[in-house]
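Asker: Sequence:
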Amino acid sequence: MATPEEVTFGSLLFWSIGMMVVAAGCLLLFLFTYQKRLLQQQLRLRTAETAHQQELLAAIIEAQEGERERIGQDLHDGIGSTIATAKLLVNRLRSQPVPDNSAELLALVEELIAAAVHDARSISHSLYPAVLARFGLAEAIQHLVDVCNETGALAIELEMDYTQPLALAQELALYRICQELIHNALKHAKGATSLQVRLQQHGPQLTLEVSDDGCGFVAAPTGGGAGLRNIDVRVQMLGARLQQRSAPGQGSHFLIQLRAAA
Numbered sequence: 001m002a003t004p005e006e007v008t009f010g011s012l013l014f015w016s017i018g019m020m021v022v023a024a025g026c027l028l029l030f031l032f033t034y035q036k037r038l039l040q041q042q043l044r045l046r047t048a049e050t051a052h053q054q055e056l057l058a059a060i061i062e063a064q065e066g067e068r069e070r071i072g073q074d075l076h077d078g079i080g081s082t083i084a085t086a087k088l089l090v091n092r093l094r095s096q097p098v099p100d101n102s103a104e105l106l107a108l109v110e111e112l113i114a115a116a117v118h119d120a121r122s123i124s125h126s127l128y129p130a131v132l133a134r135f136g137l138a139e140a141i142q143h144l145v146d147v148c149n150e151t152g153a154l155a156i157e158l159e160m161d162y163t164q165p166l167a168l169a170q171e172l173a174l175y176r177i178c179q180e181l182i183h184n185a186l187k188h189a190k191g192a193t194s195l196q197v198r199l200q201q202h203g204p205q206l207t208l209e210v211s212d213d214g215c216g217f218v219a220a221p222t223g224g225g226a227g228l229r230n231i232d233v234r235v236q237m238l239g240a241r242l243q244q245r246s247a248p249g250q251g252s253h254f255l256i257q258l259r260a261a262a
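For the sequence shown, counting from 1, position 238 maps to 238 in the UniProt record's numbering; every step adds exactly one.
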């Protein structure tokens, strides 16, 4: 017959084992639930990342198609029409007998050819600004600001500390971002009296800031027009970060941060 001490010890041992089993079960349940939630979170992140990549790809394709359409229209309406007219004049010069005003026709052909060359250079400049190709990002932004200041629409202040050039593709993307932000401010920043542009470089870190004291906005600008969507696309392609801050009556501030590759 078991003594009271043995009964108490057996009960305590049984109770302890039972508690350990319950604790182990709770721990396994917690780990299972945690793992399930972690997998669900990872799935949501992957889904969101995939959706973002699809949106980015769609925006890139849209921008490229828009650029091709614009170039095609410029070629058709500008250079194409000019060359077609010049061809008609050349055919007249080749006709028999030679027209009495052949000298005038030849001069007109030369003018048309010069106009076609000018249009071709303009299209080329829109694709890759000559000043950027020859002198780099700092000179290109300086030229852009000087030209905009000549319009008298808005006083633009430029501050630059840029001494270590980036790759040409990166400089072109930054130039286009700066160009779009300036043009957006000139067009939409109602009541603005000044616009500040800052290009700063500290080691591998580069920042581009564009801010105005205009009317500001409420809605997130990346959901707005095509210009701001293009900015977001270029920032994503650069692997940079875009911060934007605005409020009605308090102007707008855009900050692009890029870490250059070593």
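Derived from the structure by calculation, the hints contain no laboratory data.
Note that beta-carbon positions come from the ideal geometry of N, C-alpha and C, so glycine has one too.
There could be a bad hint or two in this list.
[Said to hold, decoys possible] Estimated spans, in silico, between C-beta atoms of each pair: (1) H183 / E139: 30 to 36 Å; (2) L93 / N149: 45 to 51 Å; (3) E157 / G136: 51 to 57 Å; (4) R241 / I83: 42 to 48 Å; (5) A167 / H202: 15 to 21 Å; (6) D146 / L168: 32 to 38 Å; (7) T193 / G80: 41 to 47 Å; (8) A107 / Q257: 23 to 29 Å; (9) Q257 / E111: 46 to 52 Å; (10) E104 / V147: 32 to 38 Å; (11) E104 / G239: 38 to 44 Å; (12) R176 / P204: 42 to 48 Å; (13) P204 / G152: 21 to 27 Å.
Asker: Now, for every hint given, state plainly whether the structure supports it.
Answerer: Okay, the hints, checked on the actual structure:
1. Taking the beta carbon of each, H183 and E139 are about 19 Å apart, not inside 30 to 36 Å as hinted.
2. A hinted range of 45 to 51 Å for the beta carbons of L93 and N149 is consistent with their spacing of about 46 Å.
3. The hint said 51 to 57 Å for the Cβ distance between E157 and G136, and at roughly 21 Å that hint is violated.
4. Distance hint for R241 and I83: a CB-CB separation of about 46 Å, consistent with the stated range 42 to 48 Å.
5. In this structure the hint that A167 and H202 lie 15 to 21 Å apart at CB holds, the actual value being about 18 Å.
6. One distance hint, 32 to 38 Å for the beta-carbon pair D146 and L168, is violated here, with the actual separation near 22 Å.
7. The hinted range of 41 to 47 Å is satisfied by T193 and G80, whose Cβ atoms lie roughly 43 Å apart.
8. As the Cβ distance of A107 to Q257 is approximately 55 Å, the hint placing it in 23 to 29 Å is violated.
9. With their beta carbons about 49 Å apart, Q257 and E111 fall inside the hinted range of 46 to 52 Å.
10. The hinted range of 32 to 38 Å is satisfied by E104 and V147, whose Cβ atoms lie roughly 36 Å apart.
11. For E104 paired with G239, a C-beta distance near 58 Å fails the hint of 38 to 44 Å.
12. A C-beta distance of roughly 22 Å is found between R176 and P204, which places it outside the suggested range of 42 to 48 Å.
13. A hinted range of 21 to 27 Å is violated for the C-beta pair P204 and G152, which are about 38 Å apart.
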